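Enquirer: Here is what each chain is made of, one letter per residue.
Protein chains: 4
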Amino acid sequence: MKYGSSFAQFRAGAGNVWQEYVSHRFVTGMGDGTLPRAAFLYYLKQDYVFLIHFSRAWALAVTKADTVDEMRACTATLNALINEELKLHIELCGREGIDEATLFATQEAPQNLVYTRYVLDAGYSGDFLDMLAALAPCVLGYGEIGASLGASATSDIYREWINAYSSSEYQDVCGEFGVLMDNAIHSRLGTTAEHSARMPALQKRFTMATSLEVGFWQMGIEGA
Amino acid sequence: MKYGSSFAQFRAGAGNVWQEYVSHRFVTGMGDGTLPRAAFLYYLKQDYVFLIHFSRAWALAVTKADTVDEMRACTATLNALINEELKLHIELCGREGIDEATLFATQEAPQNLVYTRYVLDAGYSGDFLDMLAALAPCVLGYGEIGASLGASATSDIYREWINAYSSSEYQDVCGEFGVLMDNAIHSRLGTTAEHSARMPALQKRFTMATSLEVGFWQMGIEGA
Amino acid sequence: MKYGSSFAQFRAGAGNVWQEYVSHRFVTGMGDGTLPRAAFLYYLKQDYVFLIHFSRAWALAVTKADTVDEMRACTATLNALINEELKLHIELCGREGIDEATLFATQEAPQNLVYTRYVLDAGYSGDFLDMLAALAPCVLGYGEIGASLGASATSDIYREWINAYSSSEYQDVCGEFGVLMDNAIHSRLGTTAEHSARMPALQKRFTMATSLEVGFWQMGIEGA
Amino acid sequence: MKYGSSFAQFRAGAGNVWQEYVSHRFVTGMGDGTLPRAAFLYYLKQDYVFLIHFSRAWALAVTKADTVDEMRACTATLNALINEELKLHIELCGREGIDEATLFATQEAPQNLVYTRYVLDAGYSGDFLDMLAALAPCVLGYGEIGASLGASATSDIYREWINAYSSSEYQDVCGEFGVLMDNAIHSRLGTTAEHSARMPALQKRFTMATSLEVGFWQMGIEGA
Numbered sequence: 664m665k666y667g668s669s670f671a672q673f674r675a676g677a678g679n680v681w682q683e684y685v686s687h688r689f690v691t692g693m694g695d696g697t698l699p700r701a702a703f704l705y706y707l708k709q710d711y712v713f714l715i716h717f718s719r720a721w722a723l724a725v726t727k728a729d730t731v732d733e734m735r736a737c738t739a740t741l742n743a744l745i746n747e748e749l750k751l752h753i754e755l756c757g758r759e760g761i762d763e764a765t766l767f768a769t770q771e772a773p774q775n776l777v778y779t780r781y782v783l784d785a786g787y788s789g790d791f792l793d794m795l796a797a798l799a800p801c802v803l804g805y806g807e808i809g810a811s812l813g814a815s816a817t818s819d820i821y822r823e824w825i826n827a828y829s830s831s832e833y834q835d836v837c838g839e840f841g842v843l844m845d846n847a848i849h850s851r852l853g854t855t856a857e858h859s860a861r862m863p864a865l866q867k868r869f870t871m872a873t874s875l876e877v878g879f880w881q882m883g884i885e886g887a
Numbered sequence: 664m665k666y667g668s669s670f671a672q673f674r675a676g677a678g679n680v681w682q683e684y685v686s687h688r689f690v691t692g693m694g695d696g697t698l699p700r701a702a703f704l705y706y707l708k709q710d711y712v713f714l715i716h717f718s719r720a721w722a723l724a725v726t727k728a729d730t731v732d733e734m735r736a737c738t739a740t741l742n743a744l745i746n747e748e749l750k751l752h753i754e755l756c757g758r759e760g761i762d763e764a765t766l767f768a769t770q771e772a773p774q775n776l777v778y779t780r781y782v783l784d785a786g787y788s789g790d791f792l793d794m795l796a797a798l799a800p801c802v803l804g805y806g807e808i809g810a811s812l813g814a815s816a817t818s819d820i821y822r823e824w825i826n827a828y829s830s831s832e833y834q835d836v837c838g839e840f841g842v843l844m845d846n847a848i849h850s851r852l853g854t855t856a857e858h859s860a861r862m863p864a865l866q867k868r869f870t871m872a873t874s875l876e877v878g879f880w881q882m883g884i885e886g887a
Numbered sequence: 664m665k666y667g668s669s670f671a672q673f674r675a676g677a678g679n680v681w682q683e684y685v686s687h688r689f690v691t692g693m694g695d696g697t698l699p700r701a702a703f704l705y706y707l708k709q710d711y712v713f714l715i716h717f718s719r720a721w722a723l724a725v726t727k728a729d730t731v732d733e734m735r736a737c738t739a740t741l742n743a744l745i746n747e748e749l750k751l752h753i754e755l756c757g758r759e760g761i762d763e764a765t766l767f768a769t770q771e772a773p774q775n776l777v778y779t780r781y782v783l784d785a786g787y788s789g790d791f792l793d794m795l796a797a798l799a800p801c802v803l804g805y806g807e808i809g810a811s812l813g814a815s816a817t818s819d820i821y822r823e824w825i826n827a828y829s830s831s832e833y834q835d836v837c838g839e840f841g842v843l844m845d846n847a848i849h850s851r852l853g854t855t856a857e858h859s860a861r862m863p864a865l866q867k868r869f870t871m872a873t874s875l876e877v878g879f880w881q882m883g884i885e886g887a
Numbered sequence: 664m665k666y667g668s669s670f671a672q673f674r675a676g677a678g679n680v681w682q683e684y685v686s687h688r689f690v691t692g693m694g695d696g697t698l699p700r701a702a703f704l705y706y707l708k709q710d711y712v713f714l715i716h717f718s719r720a721w722a723l724a725v726t727k728a729d730t731v732d733e734m735r736a737c738t739a740t741l742n743a744l745i746n747e748e749l750k751l752h753i754e755l756c757g758r759e760g761i762d763e764a765t766l767f768a769t770q771e772a773p774q775n776l777v778y779t780r781y782v783l784d785a786g787y788s789g790d791f792l793d794m795l796a797a798l799a800p801c802v803l804g805y806g807e808i809g810a811s812l813g814a815s816a817t818s819d820i821y822r823e824w825i826n827a828y829s830s831s832e833y834q835d836v837c838g839e840f841g842v843l844m845d846n847a848i849h850s851r852l853g854t855t856a857e858h859s860a861r862m863p864a865l866q867k868r869f870t871m872a873t874s875l876e877v878g879f880w881q882m883g884i885e886g887a
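Chains as they are written, first to last, in my numbering: chain S, 664 to 887; chain Z, 664 to 887; chain V, 664 to 887; chain D, 664 to 887.
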């Protein structure tokens, strides 16, 4: 299964909420070009601040890893986020006349704040698995959305964003995340992990983070 | 100044947001009895879950204290929250036929989730002062609201809630919190702390938590 | 089994290290009165600082609990530590002319520092179970030592210390801890938890904390 | 002043402890080649595990930073530690027939454990400044030792180690750390930060971490 077997289980367990996330009007609007520019820019500014706190969550994951391999995987993602992914936002916004200092000063919308702080608290209160279950919907959902829009988009207006997440580079990140999560779960909960008494709590983390992604798209549309 | 000098400074620094919080329609509606019962009950169930995570924040404060006195003060509050304040909610809800297991299973509204996780992250990412600045609006705002409604309420419908927060017992808690925060700030930032370069960051914590209180009242009205 | 089945498993898994801890020369010296007074006082001063950071670890446990019952159990222990157990140290030391400010200013010996910071990091980097596995050797080992010396001590020199830990009150604390740990493990890892892939990591926490207890007794003898 | 003005203040404030650290017999023994090989290898294996937990502390620093620049600086160091500095240990040990799996399985000596867990707890319980004050003695002390041995070593036996820390690359890391710490202190405590009421607590962190460095060298000599 794409992005690993744990993701397949969590994705199925999230039910309709997953579809609300990856098929949100904001997403289809990027694909057919009907998304208002103002909504996209509002989203982009919020997402810049989101990525800062999401990077903090990946850094927290490093502190909760059990092996050097896990630490290196999380460090690589942290590095990609803070040094590469932020660049997309800085460049796109720069062309609209918004500089990085302005981006950094963006007042976090509640739908933004709630998501990153929930993920961070999942890590602080739980262990490495709680952390990964809360990080997964963003990383892998963007991979799924990127791959889908990459194949189906009928407009070039948001092509730059779509290319970023449909790129083989980002898809590789998703593949590696899937391996990291599968291995982390199996090494801690055993080969029958999918039936473990811990899975409902991890599913709850995954589903909550997914529903906060729905709220994030909604913020983009309403906030503009 | 009531509840200490740091609170006076933070309260003034929060500007209009503080008034939006303590004079919210939800508050005046408890005073004159116009608040719909459904709104109150919706709020009460959310507040039960809020108090659980707010208690976690007070426990986190214990881990970040510098002295045994600070630890004892935070432990006393944690104890009061988890063993006493929750009882008000359990009793009030119990009379409406809602038992504690149902309360505990309440799905957290985003406006609830965002507040407690913001406060917890303030503590995790910062120090004891960041923690107190983020805890203050809830503790002291309820003190101010309680005292005000205790003197001015024209309806007895929400008398039990009002009595809880206007009680001399709760007002003492607020007084002690003010002393704790004043002492904590002075011991770390010196006698001229009010001009310290750290105060703008602490003010930001206080103001953000206050605005999340506004959102919490709003949730009560809209969620019902 | 006394203090629960998880403890029985961890205790057995720790092998000789457990015996080195509960039968340390410091322990037998309290029983037969051969422990030098200076060693006892050195230990007591270090233990005062130990209890402060051990209390912080119990507060951290509150932030990592899943249920209100778990939170209440940890809060009760935190409360007992910071308000009751410290008193024994303050009183015993007070009679020797050492006041609380002096106790608080005690420079932590490395064998003291290493123990509490290891326990705290077990909690920060792991989840509630990592926390409990690291807390258990101190809580339950003192219970076992207290019960044993209470029945076998041939000297009254250290009777006050022995009475504190052989008391039915402290033995109840140990019994409750055992229940808390058994329930926490079963609710997270299922009814066959003893064979879970997570147990070796928890055992490692327990064994490391036990070996740090051995170092703590040794510090008492060498540091004086 | 080399490595910045805050370091100069902390270094002076640590008094003799700093000299005990940078002029330890282990250090001079690397310079004149009198350090027994067994002591060096024992140290190297412990240092491998040390760097893992020290990397965790740098990751924790990312979660506590206030600006993207601070986050990037800490991420760069984390990256250098987990991907570059560990290589020196893996290569040196590899030539002695010790593979990475063996290194990773090294049982942490108490003098090793106490250091990293103290630094981590400094970060968890405090803020970004507590974190930096606890990280500084290792980063900058190795810079000072490297530069000193690079200029004065009379033996080539430990040349590879000396070159690593006297290299312009590592000296640049130290220079950047000094700038990071100076800026972080000034932005939080103002331009007169050196007289701030917070400095004694930060000095205490720095001095404790320095004394734990002394213990680490001592471990190398005694543990072999």
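There's no promise every hint is true.
What the hints assert, rightly or not - Restraint ranges, calculated between C-beta atoms of paired labels, are given here:
id, chain 1, residue 1, chain 2, residue 2, range
1, V, 665, Z, 704, 19 to 25 Å
2, V, 866, D, 765, 44 to 50 Å
3, D, 691, V, 691, 58 to 64 Å
4, S, 855, Z, 697, 54 to 60 Å
5, S, 842, D, 697, 14 to 20 Å
6, Z, 823, V, 696, 35 to 41 Å
7, D, 770, Z, 823, 55 to 61 Å
8, V, 732, Z, 697, 23 to 29 Å
9, D, 866, V, 699, 32 to 38 Å
Derived from the structure by calculation, the hints contain no laboratory data.
Predicted model, so just to flag it, every value in this text is computed and none were measured.
Just so you know, even glycine gets a beta-carbon here, dropped at the ideal spot from N, CA and C.
Enquirer: Hint by hint, note whether the structure agrees.
Expert: Verification of the supplied hints:
1. 665(V) / 704(Z): 19 to 25 Å: Since the Cβ atoms of residue 665(V) and residue 704(Z) sit about 46 Å apart, the hinted range of 19 to 25 Å is violated.
2. 866(V) / 765(D): 44 to 50 Å: 21 Å, violated
3. 691(D) / 691(V): 58 to 64 Å: 43 Å, violated
4. 855(S) / 697(Z): 54 to 60 Å: 57 Å, holds
5. 842(S) / 697(D): 14 to 20 Å: Check failed, 48 Å falls outside 14 to 20 Å.
6. 823(Z) / 696(V): 35 to 41 Å: About 59 Å separates the Cβ atoms of residue 823(Z) and residue 696(V), which means 35 to 41 Å is violated.
7. 770(D) / 823(Z): 55 to 61 Å: 59 Å, holds
8. 732(V) / 697(Z): 23 to 29 Å: Cβ of residue 732(V) to Cβ of residue 697(Z): about 38 Å, so the range 23 to 29 Å is violated.
9. 866(D) / 699(V): 32 to 38 Å: The hint (32 to 38 Å, Cβ to Cβ) holds, given that residue 866(D) and residue 699(V) are roughly 35 Å apart.
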